[in-house]
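Engineer: As a plain string of letters, each chain reads:
Protein chains: 2
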Amino acid sequence: MTYDCFFFRRLKVFASFCRRRVSLPPPAGLMLRLQPLHAASQCAYLYYALLVKNKYTLLSGTRDYNPKQMAIREKVFNIIISCFKRHGAETIDTPVFELKETLTGKYGEDSKLIYDLKDQGGELLSLRYDLTVPFARYLAMNKITNIKRYHIAKVYRRDNPAMTRGRYREFYQCDFDIAGQYDAMIPDAECLKIVYEILNELDLGDFHIKVNDRRILDGMFAVCGVPDEKFRTICSTVDKLDKMAWEDVKKEMVNEKGLSEDVANRIGEYVSMQGGQDLAEQLLQDPKLSQNKQACAGLTDMKLLFSYLELFQVTDKVVFDLSLARGLDYYTGVIYEAILSQTIPAPAEQNGADEAAVSVGSVAGGGRYDGLVGMFDPKGRKVPCVGVSIGIERIFSIMEQKTSSEKVRTTETQVLVASAQKNLLEERLKLTSELWNTGIKAEVLYKKNPKLLSQLQHCEETGIPLVAILGEQELKDGVVKLRNVASREEVRLIVSQIVYNLSCILTKHFD
Amino acid sequence: MTYDCFFFRRLKVFASFCRRRVSLPPPAGLMLRLQPLHAASQCAYLYYALLVKNKYTLLSGTRDYNPKQMAIREKVFNIIISCFKRHGAETIDTPVFELKETLTGKYGEDSKLIYDLKDQGGELLSLRYDLTVPFARYLAMNKITNIKRYHIAKVYRRDNPAMTRGRYREFYQCDFDIAGQYDAMIPDAECLKIVYEILNELDLGDFHIKVNDRRILDGMFAVCGVPDEKFRTICSTVDKLDKMAWEDVKKEMVNEKGLSEDVANRIGEYVSMQGGQDLAEQLLQDPKLSQNKQACAGLTDMKLLFSYLELFQVTDKVVFDLSLARGLDYYTGVIYEAILSQTIPAPAEQNGADEAAVSVGSVAGGGRYDGLVGMFDPKGRKVPCVGVSIGIERIFSIMEQKTSSEKVRTTETQVLVASAQKNLLEERLKLTSELWNTGIKAEVLYKKNPKLLSQLQHCEETGIPLVAILGEQELKDGVVKLRNVASREEVRLIVSQIVYNLSCILTKHFD
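Same order as they appear, the protein sequences are chains A and B.
Quick note on numbering: this note's numbering labels position 291 of the first sequence as 1059, and the sequence is numbered without any gaps.
Quick note on numbering: this note's numbering labels position 420 of the second sequence as 1188, and the sequence is numbered without any gaps.
Check each hint, because a few of them may be wrong.
Note that identical chains are pooled: a pair holds if it fits in a single copy or bridges any two copies.
What the hints assert, rightly or not - The list that follows gives simulated cross-link-like pairs (lysine-lysine, DSBU-like), each with its CA atoms no further than 30 Å apart:
| # | residue 1 | residue 2 |
| --- | --- | --- |
| 1 | 880 | 922 |
| 2 | 1085 | 1215 |
| 3 | 1209 | 1085 |
| 4 | 843 | 1276 |
| 5 | 1147 | 836 |
| 6 | 1071 | 1216 |
| 7 | 1190 | 1071 |
| 8 | 911 | 1215 |
| 9 | 1216 | 1061 |
| 10 | 911 | 843 |
| 11 | 1244 | 1071 |
| 12 | 1071 | 1215 |
| 13 | 998 | 1147 |
| 14 | 868 | 922 |
| 15 | 1219 | 1071 |
Keep in mind that the hints were calculated from the coordinates and are not lab data.
Bound conformation, chain A alone (with noise of 0.2 Å):
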């Protein structure tokens, strides 16, 4: 007995191997020392179980959605569409995979997490990294100077799942953008108005949306004492202001950036102000911001959105907060980000103590972004645009775990074809043709005969209202049995006039 205990943690350390390097065989090592102890054929048929039974995983960070998720997935995707369409969105599509070209120098240090594909001869490809880029080509290719778009679709990190909440390698964006030259700050107030939308269909509780701006911040970067050139990297360490405390991000700021003491701190009494149109009225009147040309503009076009996010009733729920920043390198003006106030559990492979409950974090955010379109421009030619993004997968994780006690219905059957007794195959595959020739979601079990008792179960473990029953007596009567599966209450419908029927009590009863 002792002996097998050793064995097996042996063979687990072993299977763990094998799970990471599915293709290669397991070193002759731990072979020899496997093979001591059991038969030697016992161990072949182990290894090779092992190997069959990676045959059929997933790579970690990608995952199948069943059903259920597919359900509830729909349902949100459902809500995002309407919204994006109440706006006037049209929509777009585009390949999975760019040039690598397209994609390299958009994306700052995260470059390094963009799939590429081998090189089997032919262009050199990646994976797309978010809809941004892909959608500022198209305009570029397509000489595309105004339009407002959605775009749902999947993209692709080389992200390490293990080391992130809730982040996948493969995940969808949900992308609405507005391109064009218009007047200042109504497409970005509608952005928003958007996102508030959204959020408050899905009614995953209170939220609030941060908005900045990179003028502001850069203007106050240089009144500050920041150096031109350490800009974009002093901005990527304010960033991290909603996941550190400020004593850590100062640190950063000194230690590893290499400012002063004292630029730091003038920095770290901007960043605390938060506020709304007070307080960019306020910082209007700021002795050294009044005086940087940037951050007047910025602020400026600050007021002029609140005032038109006034007129959306949103206020309530937007929040200008200097220590807003975002990663990426692209943006040129105005940006936000929300946040949901709920906090999760930590997902099931999260073990730290301190990851027990989860801040939910950012599930939507964007900006202005009036260069990028310009860069794929032989000419140049630029086409302003600000856009958001909804962080989708987060949302579908609290979905999933609001209705994970419920049952979802995955189908949307509205009646099941059955019979009471043997042999009445042909006349249920007739009815059921014939009412999915009217339009009536039908179901018909593929057996010759099935009991009455597994059809009535399907019915209620798949949720299907209404229920056929076809007899023999019936049939010569010439009626069918009607059963409403909860109620169990019965009606008998004429056969010549059951389609017919049935559309009439679908329409005033399940609709």
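We have chain A; now place chain B onto it with these hints.
Structural biologist: Okay, now just chain B, sitting in the frame of chain A:
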């Protein structure tokens, strides 16, 4: 001038070179031959322009979908998804990449068309080649023994897009499959019913569905004297009968595959046979075929299948055709393929005279594959499956051509909030926001003072049926003008009741 001609001809070669290998600088030789002709600076500019231009091209064989194409795609998907749901199907999704191992050994010769990801450390990954193998992997991995599911997603093939007609490297598949141990031919018949319903609803003109059975084919090969080990390769040759004459197919059998003339002639007799249930009965009496166990099983099931198809009222389009073979290795029983009767003009890039009008060919296909799931199960447990895949890209092409001259709406906006005078931006934004809040699809131009004409033009261009026109006098009177863009009829609505009234009008006239 002659100099220029010469230069530009060479430039064309040079350009096409750059397009093929965008990441490489042009070879020094080419540059040298270009330079003597023109000033170095001009050359450098052209070189730069070519490279920049290439920066935003797409991989050939992939494409963007513009809003009009997306509107058509949505319409097609809605028809297909409605049908799948009418038949009680759930849906699942799987990642776009699978472990390379999962796809290995499933596609025979076609394996060379699989896209591999670059080995950037970690597992070896490939892009999915179809949805059937990931489905089988999903069933085995989750130990699911019965499910009726649909899956609509993109798949990837390293096909040469210039050599194939209407084929892409990235394209959608719409799959419907029934997995489970059921009574013979009932799910198989439902798959054919689904193809029939979808092709009818898509309204693509006349079509027919060819049906055959792998067991009948194998039995036929056996009684004709084909050696066992040549069954699959002869099957591939038979599969070419839809594109090649019998004489050429026969030549391939004899000259390339090494069959004797006699054997080939015997096959030729069988594969020219077409019919229905009667043909199955006739072949069951065939002195040779009736001696083969496999063929008998297939023919008996074919008879049964036709009896169910009769009940489903679809036999008018279904033909039992002994020449149908289908390429993939994994089929084990019934196979089918739907073919449209109409031809379409060849795509623009195809200039071969013989391709002026091509048959659309197969738009759906599938069959029974009872062994595939077992390949993924450690204990080899089998889950019988039958399914169908709708070839959606060809259907898109036809629908696009049908609507090429039509105006297709790409948004669903119901009303534009406009103004007749200046300085009414705030009132416009406020009313638009109220409309959004009640679920009305509304747009507003992002200009402070747009001209009424350009607002009306926007409605006409994008098909918005109604325009609410704000005016100073009207606002004082507490009314808003609502204009029907097409008929130019106008009504005056009281401001406080506009949302309610507009909802009524929309329900009454535009739903």
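Engineer: Return the numbers of the hints above that this structure violates; sort them in rising order.
Structural biologist: Violated: none.
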